[in-house]
Amino acid sequence: MRGMRGAVLLLLASAAAAAAAAAGLVNTNMIRSVDLRALPAVKEQVGVVVQNEHSSKAQRSYTVVVPAAKHDSLARISVRERKSGAELDVARVEGGADAGQVLYQATLRQALQPGDKISLNVDYVLLNTVAPRPAAVGQVDDQGWVWADDVLVPSAYPTRKQKTVVRTRGDIRGFEPAAAATKSGRTVTFGPFEADGGGLGAARAEVRFWDNAEQVEALTHRREYFVSHWANDLNVLEHYAVRNRGPEIDGGFDKVRQAVGRFMKMRDNFVKTLLLKVPATARGMYFVDEIGNVSTSAVTGRQRSSSGGAPFRVMQLKPRYPLAGGWNYTWWHGYSVPLDAYLRVGPARGGRHLLRVPFIGSLVASASQEEVLALTALDTPNVAVSEYELRITLPEGAADIAVHTPFAVDSVAMQPLSYYFDSTGRTTVVIRQRRVAPDASSAHVLVEYSYSARALWQKPLVIALVLFGLFAAASALSRMRLGLAGPARGGKGGRATKPAAKDD
Amino acid sequence: MGGSSKVLGLTAADQASLLRLAILGLISVVAIGSRLYSVIRFESVIHEFDPWFNYRTTQYLVKNGFDKFWNWFDETAWYPLGRVVGGTLYPGIMVTSAAIYNALHLVNVPVDIRNVCVFLAPVFSALTAVATYQLGKEVKSATAGLLAAAFIGIAPGYISRSVAGSYDNEGIAIFLLVLTFFLWLRAVRLGSALYGALTATAYFYMVSAWGGYVFIINLIPLHVFALLAMGRYSNRLYVAYSTFYALGTLASMQIPFVGFQPTFTSEHMAALGTFGLIQLVAFAQFLRGLMPARHFQVVVRGALVGLFAAGAGALVVLTMRGVIAPWTGRFYSLWDTGYAKIHIPIIASVSEHQPTPWTNFFFDLNLLMVLLPAGIYFSFRELTDNHVFLILYSLFAAYFASVMVRLILTLTPIVCVMAGIAMANALEAYLDFRSSSNNDGGGSGDAAQPADTQNSSSTEPSGAKRMHGWLGRTVVVVNLMYFLWMFQFHCSWITSSAYSSPSVVLASRGPDGSQHIIDDFREAYYWLRKNTRADARVLSWWDYGYQLAGMADRPTLVDNNTWNNTHIATVGKIMASDENTAYELARRHDVDYVLVVFGAMLGYSGDDINKFLWMIRIAQGVYPDDVSEQAFFTAGGEYAIDDSASAAMRASLMHKLSYYRFNEVMGQHGFDRVRRQQLPTKVELSNFAEAYTTENWMVRIYKVKELDNLGRRHRAAMAFDGGS
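So the protein lines, in turn, are chains P and F.
Residue numbers for the first sequence follow full-length UniProt numbering, beginning at 1 and rising by one.
Residue numbers for the second sequence follow full-length UniProt numbering, beginning at 1 and rising by one.
Since the hints were made in silico from the structure, they are not lab data.
Ideal Cβ positions, reconstructed from N, Cα and C, are used throughout, including at glycine.
Treat the hints loosely; a few may be bogus.
Here are the simulated PhoX-like pairs of lysine-lysine, each with C-alpha atoms no more than 25 Å apart in a straight line [unchecked claim]: (1) F:K611 with P:K255; (2) F:K682 with F:K703; (3) P:K117 with P:K163; (4) P:K161 with P:K57; (5) P:K163 with P:K255; (6) P:K318 with P:K255; (7) P:K163 with P:K70; (8) P:K255 with F:K63; (9) F:K6 with P:K255; (10) P:K183 with P:K265; (11) P:K255 with F:K705; (12) F:K682 with F:K705.
Chain F residues, not near chain P, derived (Cβ > 10 Å throughout) [said to hold, decoys possible]: (13) L392; (14) W527; (15) D625.
The shape of chain P in the complex, shown without the other chains (with noise of 0.2 Å):
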């Protein structure tokens, strides 16, 4: 995808005429499915067959139409092709539609030639857009939470016929606009309309529904990676800044009943752990916040998870205080990786040096009272980030640095910093990205840099210098002789004058 991007920003040239030309293509069925089922993220698929009804013209692009309101919450958009799974390039068009909505155009791979059909699965990642409702329960009490969005779902082109299914985790308590769906179990139905709507032009569709797993939303997460050569080490550093999604505690903090609980194992609304999955080979860990270490912390034995993968072992951050709905936390933790294990250098490259690092940690919230957490707590996120910050410091000396994300994201930049005994600093690159995909968390950064033997001797040697020039300078004016008198007569000073002192 990201190779495609310069060809796809040409095709932008034309992005005002799109709509113009999109004039021939008709949405002839289309199904969106909202599951939420792994809040705060909620994951939309709207499967769509497009035919071309133009009488001549071939179409080269489907232009999907995201509310602007909805796009302020949108993590992720992609497109592909139902039949052969194969994704399509997708660009944001600049200009060219109403202040409320933002489009974005899909190159097809093949022009769509007139009258034939193309089934397309449009795929959205939406963070933090489920409220909770009522916004305030007791702080034992169920949550509920509501889901809502446009009856009918926004296109640039005709639609023939189309419904809605949303899927919950907890059971549903209603829906509206009641007469134009139907219920069953945990799903509900809107639709299906036809090409009018069924007369529901702007309605909203809403659904309410109960849900006690915990939500928690990343203000803003930073993570940062500091490479050292020297001690073959690579140290990760997370600041993170969180919000507990949760409806808020109706009347207020009550420590009786939440000691009670805690004592009985009885449920209730506070976030009470945060998890971390570090690597096996992690050392040096540690939690803080703003005033200091937080003690309540643990962590667990070399653990392997049944699918595979890399070993790893799980922190256990206790926060200072439980996490009701709406209270805030902020901390940041780190510890150490042995370098080897994420950095390639060889003469296959030229000498360069290959850094392949996590994009993003990922981290789970739990509201359990049990002090020692099962593992299977890991496998479903909870923690959406809003704002996000990667920040990957070089060791000084390190040169021609280029940078691979895997997925586009809002800015790569580079900047210098004076660490620890640096003399000419080194450089930090900083990607940014608001509201990260949960599944963004097994993508990796590639950061390629050359760094010269000169490079890896110059701190030392800037030390050895420094110290030595200090001894030198010590030295020679230990030998020098200040002030008027003539050249003294041995000792320090004329200490001889001295009553009391008995050394001469």
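Take the given structure of chain P and dock chain F to it, following the hints.
Chain F in isolation, oriented as in the chain P frame:
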């Protein structure tokens, strides 16, 4: 000690110098190392209360630069009055930390400012050891200096204020105190204007760092006065004192908090008077050179008596007219230990202002306390100008230390020096084995360095007669060594067990020896920091003001800078009033949250209920009509909190906030583990809502409710809601 015995190509003098340097280096390492218990046991964290203010201002200084810091008006403290921070603090410690921080960052060592602050006191204690060595060498010998340095490196009396994390003024002030005195003694001995000026510089640094500088500016004039009274006037003294006083006073006036005080407060008048006196004496000495002796005596006697009387009279008159400020309450309490308790409860309420129990001297100084009289004796035996100073310092510091616990700190340096002198005298006498042998062939009859003498202890005694002397010496030396050994054992034990707790973080041990950290304070502060509005006003007793500002980052009504007694009394009154009155007062002061510390769950005795009597007393001092201490005792005169407590106690906000719903978790026969009383069974609260309570119930935070929409009292509204 001729050049015949060279080791490693060094002469004996060089060897001694190298040894001294090495020993001093090791003392520094020990001084720093023994102060790190708290970091190893807990973490690199700022301790207690005042250090949190110093830390917060240092952060501000590092972040905003010196100009902003100097003009800082902190509107979050003393709400709604605010505090002119730049003009009401001693900036020495903050500027020192910021300078170290900036210097390290200049050479690309990006340390955290917190670590600079935490480790500042231990590093300065190493410098104190070096300064004490210089002082000991100045007054006696390098041996005494090294012993004094070793003593001060580990003396608990000093460690109590300088462990890692104890980021307080005393941390650097003791170094400056010793340095100033060392420079002063050298200035007096050499009659050097240079050293006089250096003394003034050190004094200026001291003034910028600690209010205890007043001790210096009274002790040095006293020294001068004593020397004059003893007829020991010399031009050296004149040069030293004139230089020091003129420069030092001008320099000290540059600190805004001190300002013009040196010209009009009683604390500084002794220095001014002595300055005048020494001018007169010097003038008299000058006249003596010009006049016949008979005339001179008449003139001098008349003039001296007349001028002195005039000066003293002027002082008294000016003081009475109010031109010269009289002694402040804190100083009165130095003369009359009962003064503070009657007139200024806020000073008496601080535990470190209490008179010292004698056990504290042993606890903090141990062996040194015994060696102090010996040191004074040796100083008398060889009474130089410097020794007069040491004796005066010993006497006055010992007096002050026995009046106020915290002043053991100023006593410690002189005790260490005196003990060093005493021990050096003893060791030099008993370790010099040569005097008992006939001739050791070296041909050197000088008194030797102890380092060298120890080598010569291997000299074989050649006769049975000398065997006796040898044995006696050995017994004495072994005894002394045993005492020193026990001393260092005592010191490290005291440091580890008594002075290394951050008090912000507590620790308990489980039955299996595992350590359990009790971190309720930070839990509560961090909760406030993250989950309340940035401008939410928090009301608490003043003890927690600095911690709230530093850790919770929220405005407070009162804090540990107890400058406004009325405001503190108002907070005391809110705590002591019944709920409705307290609610009105709290709303009138824009209070959003009320924080109380409550130890009944864990048995933490430093909680607010135990401090409550002081709150009442202070409130009563300002609002005698509204608060009465008697009303809080039962008819039997007991300080009870259970159901038998007095009506005022049970109605008071403090009692309600502490015990609200506490008996529900503790069960039917719940017990207050601090007071050892039954819990009150009926505690109703309507105007305040529980906002957060920490894990062990140590800190409880309540929200002041908004006014009821229908204008009802909250109690009525709750009853209505409960009934519907």
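Structure-based check of each hint:
Straight-line distance between C-alpha atoms of K611 (chain F) and K255 (chain P) comes to about 24 Å, which keeps the hinted pair within the 25 Å bound. For a cut-off of 25 Å, the pair hint linking K682 (chain F) to K703 (chain F) stands: about 20 Å separates their Cα positions. As the CA atoms of K117 (chain P) and K163 (chain P) are separated by approximately 19 Å, the hinted pair is consistent with the 25 Å bound. Annotation: proposed proximity of K161 (chain P) to K57 (chain P) holds, straight-line Cα distance about 24 Å (limit 25 Å).
Taking the CA atoms of K163 (chain P) and K255 (chain P), the gap is about 47 Å. The hint is violated against a cut of 25 Å. The hinted pair formed by K318 (chain P) and K255 (chain P) meets the criterion: a straight-line CA distance of about 18 Å does not exceed 25 Å. With a C-alpha separation of about 19 Å, the suggested pairing of K163 (chain P) with K70 (chain P) holds against the 25 Å cut-off. Taken as a hint, the K255 (chain P) and K63 (chain F) pair is broken in the structure, with Cα atoms around 38 Å apart against an allowance of 25 Å.
Between K6 (chain F) and K255 (chain P), the direct Cα distance comes to roughly 76 Å. Violation of the 25 Å bound is thereby established for this hinted pair. For the proposed pair K183 (chain P) and K265 (chain P), the alpha carbon gap of about 34 Å is over 25 Å, so the pair is violated. Using a Cα cut-off of 25 Å, the hinted pair K255 (chain P) and K705 (chain F) holds, with the two alpha carbons roughly 18 Å apart. Proposed proximity of K682 (chain F) and K705 (chain F) is supported: the alpha carbons are some 21 Å apart, at most 25 Å.
Distance check on L392 (chain F): its Cβ is at least 18 Å (rounded) from any Cβ of chain P, clearing the 10 Å threshold; non-interface status holds. Residue placement check: W527 (chain F) does not keep its beta carbon more than 10 Å from all beta carbons of chain P (closest about 5 Å). Consistency note on D625 (chain F): stated as away from chain P, and its beta-carbon is indeed over 10 Å from all of that chain's, at 35 Å minimum.
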